[in-house]
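Asks: If you want the building blocks of each chain, they are given just below.
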Amino acid sequence: MNFPEHELHFFQRFGLTGRLIERCLGEALSAGGDFADLYFESIASTSISVDESLVKSASQGVSAGCGIRVCSGDRTGYAYTDDLSAERLMRAARTAALIADGPSKQEIAGFRDAPKTSLYPISAADADAGVAPKLELVMRADRAARAYDPRIVQVRAGYNDELRHILIAASDGTFAHDTQPLARLNCYVIARDGAKNSRGGSGGGGRVELSFFEGDKSPEHFAREAARQAILQLNAVPAPAGDMEVVLGPGWPGVLLHEAVGHGLEADFNRKKTSAFSGLIGQKVASSKVTVVDNGTMPSRRGSLNVDDEGSPTQETVLIENGILKGYLSDKLSARLMGMADTGNGRRESYQHIPMPRMTNTYMLSGEDSPEDIVRSVKRGLYAVNFGGGQVDITSGKFVFSASEAYLIEDGKITAPVRDATLIGNGPEALKYVSMVGNDLALDEGIGTCGKDGQSVPVGVGMPTIKLDRMTVGGTGR
Amino acid sequence: MSTATPISGTERKLDMQQLAADVVERALRAGAKEAEVVIREGDEFSTLVRLGQVETLKESGARGIGVRVFLGASEAYRTANTSTSDFSEAGLAHLVQGAVDLAKVTSEDPFAGLPEPGAMGQIGGELDLYYEDVYGLPASQRIEYARRAEAAALSADPRLKKSDGGSFDAATGHKVMANSRGFAGEYRRSYCSLSAMPIAETEQGGMQRDYWFSSARTLARLDSPESIGAEAARRTLRRLNARRVATQRVPIVFAPEIARSLIGNIFEAANGDSIYRGASFWANQLGQQVASPNVTVIDDGTLPGLFGTAPFDGEGLPTRRTVIVENGVLKNYLLNTYTARKLNMQSTGNASRGLAGTPGIGAGNLFLENGTITPQQLLADVKVGFYVTELMGFGVNMVTGDYSRGAAGLWIENGELTFAVEEVTIAGNLKEMLNNITAIANDLVFRGAVASPTLRIDGMTIAGE
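Protein sequences, first through last, are from chains A and B.
Quick note on the working numbering: the first sequence kicks off at 792 and runs consecutively.
Quick note on the working numbering: the second sequence kicks off at 35 and runs consecutively.
It should be emphasised that the hints constitute simulated quantities derived from the structure, not laboratory data.
Treat the numbers as computed from the prediction; the structure is a model and nothing was measured.
For glycine and all other residues, C-beta sits at the position ideal for the given N, C-alpha and C.
Possibly wrong hints are sitting among the right ones.
Said to hold, decoys possible - Here are the simulated DSBU-like cross-link-like pairs (lysine-lysine), alpha carbons at most 35 Å apart as the crow flies:
id: 1; chain 1: B; residue 1: Lys417; chain 2: A; residue 2: Lys1117
id: 2; chain 1: A; residue 1: Lys1080; chain 2: B; residue 2: Lys465
id: 3; chain 1: B; residue 1: Lys465; chain 2: B; residue 2: Lys417
Claimed, not checked - Beta-carbon label-pair distances, calculated as ranges:
id: 4; chain 1: B; residue 1: Val139; chain 2: A; residue 2: Asn1026; range: 54 to 60 Å
id: 5; chain 1: B; residue 1: Val139; chain 2: A; residue 2: Thr1240; range: 26 to 32 Å
id: 6; chain 1: A; residue 1: Ala938; chain 2: B; residue 2: Ala110; range: 39 to 45 Å
id: 7; chain 1: B; residue 1: Asp162; chain 2: A; residue 2: Arg903; range: 39 to 45 Å
id: 8; chain 1: A; residue 1: Asn1026; chain 2: B; residue 2: Ser295; range: 28 to 34 Å
id: 9; chain 1: B; residue 1: Val139; chain 2: A; residue 2: Pro1090; range: 28 to 34 Å
id: 10; chain 1: B; residue 1: Asn378; chain 2: A; residue 2: Pro1090; range: 50 to 56 Å
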């Protein structure tokens, strides 16, 4: 194919050529590998924070590199370089090639143009724009949090953005490139009232431009939310302990799905049969009210991608439909070895990392119950609306997620706020206890980062209000 | 399998010490009043063998340079920092100019600045941090190490059929630092680690995984693949047939590898960044009784050969030994230059510095001192209790001390470990938990930079059925 060289970041900035890409792929397959790909990445990032009402520091960074992968059966060889010269690229290709051991056998397919989608604004201008408007965002957050209540005694607000250029060329004919913006605004506060202290935090963003923070999702919105949480927590009572009815609010509590089912449905664990969900396709793993999808194609969302980090288009994948397990999230390697479709979920933290199946935006579809009816139906339980992180043991299926804003429900009414508590459950069982699903699906504000095998990638989650008839709440109270 | 040629950072001919000094000079010429440069280079090799076959081989190196500049009047500097992986002339020019431009928009801060010249330096003596042998093995032998560790695990019991593999990793790092107050230093560290991650399965289909590992600065100090595999098998098998227990309060015994995480919580509580903001429940508590009288916690970045050891910290101060808690009394916070100035104290040489960002707080080797009884004696005193071997999640609030985490382990009855327990939480408040450490065993071993002996805490709540 003719490379549109004038359009491509890596051709312009780093002197990469189509000829060099082909030579590297040839070298990568020279020892008999059956698939090879090159992943070029360059990132420019900015970070600004305000602390004690001072912009104490600001950071900018640039990094670039290329990761070269060779697959031979289910083996993977990987090498990377932060020097994009022909000599270093060829050397990395030679190193990765050695996962295989034999004569070259694989032809390199002619490159195909990847379908073009555009899920997010790509104005490189933002990353190069002066820091002044970004600085103004964090100062506004600081002022709004302090103005919320005199008991807010410490405020930290931060703005981070990055612009990532990627180019992927593979021996199977994949040739794709993308420019991915990512921005996030955070606000963390501490409240004090006499001897009582508490914390609150909020944030949001996505694959968005600076103008995103001028609408509903303003610095004031996040600052007031952080302050509200901290003030609320000043008078929180101990969380209850033990099994009980739990109502989860809409949006970020969808982290439940990410931990309880999402990770367990990543194809690599199922290919190796090490997931608690292995072999359960077609089986009932949730109540019939539960339908869960992973969708990488939502405009401007933090977990969205035009193409994944293997150059495959992203898609909407149904994981659970009316309670029945339907599918896994796959990358190229697992798709090939399992004889299933590649769902466009091959992702990696950076050029220094091997891609693997990862979630994008994972959420439960709305049901028919009103959120009010759901709360009203609970005699004694917990209503949890905000969470910190979660974690899952893929093999045993046990997962946790930690509530940072939750309330008691007593006789159908939301009453006292409770202190931080971890909720625990078993992935293949937990969603069987979903007895009501609200009509109020919401996605999170754009703050999620998922870790797997030491690799972090941005993700989204979402959920309507739901009721679980049983879940274990890890408090200290009665 | 052929032998790969390592892509080694050491082959790059640049003199990094000279480069760091040059970039400091450039920054001063570009208008900075003070500047600090850090360069990091690293090589890594990793191999994963699963079910006897090589699954992944990874081998590479990368490097980066970061600069931090201070502008304006020394009474209240403005500061900013930049980093890059581009060591070309244009890349370095952009790095320096970018930092100076960025600093112009930050706020004047009377506490910002480099350490006082008299405070900087490095500890002498052989720190035993760097061994070329971690990278010296041919690829075939590294693979063989991983294969043996996995094989030893899987051959231990017929219920161990599946596996997340055996892995061998090696890495070397080179750090170079220079600043405009005359500090220049560098050190290299090496690391290797070997692990086995078997999966056990019952006839009913319940699966459990666990792992064991050994890590060291030299191959010579790694445990044998066979001993690692055997221990991984033992740890995995004992989790089979786990069940839940009822919600109740019983003594909790933290196994050493889990007690480490509590020492990590102590690090966060003593972290100067959190102290001056009032974001730690230990703010304004110096000299107070914050833990049981049997608790002494020390940070020591000078211990030869250990994982948290370095000759100087992230700002060029010599590392040292700091007593955080002595016989239950809070003695010192862990501070860098900035947090020390905020608190009107002296830095404890605990600055941490990546390529990007301002220095944070990092621990050296952080540990709870041994008690006097054996772990067996500690257990023998527990009539009914929970021996925790795994914690899950992030449910620790350092502002309030509220603590609630997922847990798995073994039930204790009459001083003996009995059946496996899972899908429960343990909860309490760290302030109370530290005062309720009722026993500490004498089995302290450094398997990483943070270490603890077995310990017992009373008064926590288990949430389960």
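Asks: Using the beta carbons of Asp162/B and Arg903/A, state whether their distance is inside 39 to 45 Å or not.
Replies: 55 Å Cβ-Cβ, so the 39 to 45 Å window is violated.
Asks: Assuming the hint says 28 to 34 Å, is it satisfied by the Cβ distance from Val139/B to Pro1090/A or not?
Replies: With Cβ atoms ~32 Å apart, the hint holds.
Asks: Between the beta carbons of Val139/B and Asn1026/A, is the distance compatible with 54 to 60 Å?
Replies: violated, 40 Å
Asks: Next pair to validate is Lys465/B with Lys417/B; report whether the Cα-Cα distance is within 35 Å.
Replies: holds, 25 Å
Asks: Holds or violated: the 28 to 34 Å window for the beta-carbon distance between Asn1026/A and Ser295/B?
Replies: Since the Cβ atoms of Asn1026/A and Ser295/B sit about 29 Å apart, the hinted range of 28 to 34 Å holds.
Asks: Quick check: does the Cβ-Cβ distance between Ala938/A and Ala110/B fall within 39 to 45 Å?
Replies: violated, 26 Å
Asks: Take a quick look at whether Lys1080/A and Lys465/B sit within 35 Å of each other, Cα to Cα.
Replies: The hint is violated at about 43 Å.
Asks: Check the following: the C-beta atoms of Val139/B and Thr1240/A are separated by a distance inside 26 to 32 Å.
Replies: holds, 27 Å
Asks: Does the Cβ distance between Asn378/B and Pro1090/A fall inside 50 to 56 Å?
Replies: Because 51 Å falls inside the window, the suggested range holds.
Asks: Would the pair Lys417/B and Lys1117/A pass a check requiring their Cα atoms to be no farther apart than 35 Å?
Replies: violated, 47 Å
Going down the numbered hints, you'll see the structure goes against 1, 2, 4, 6 and 7, while the others check out.
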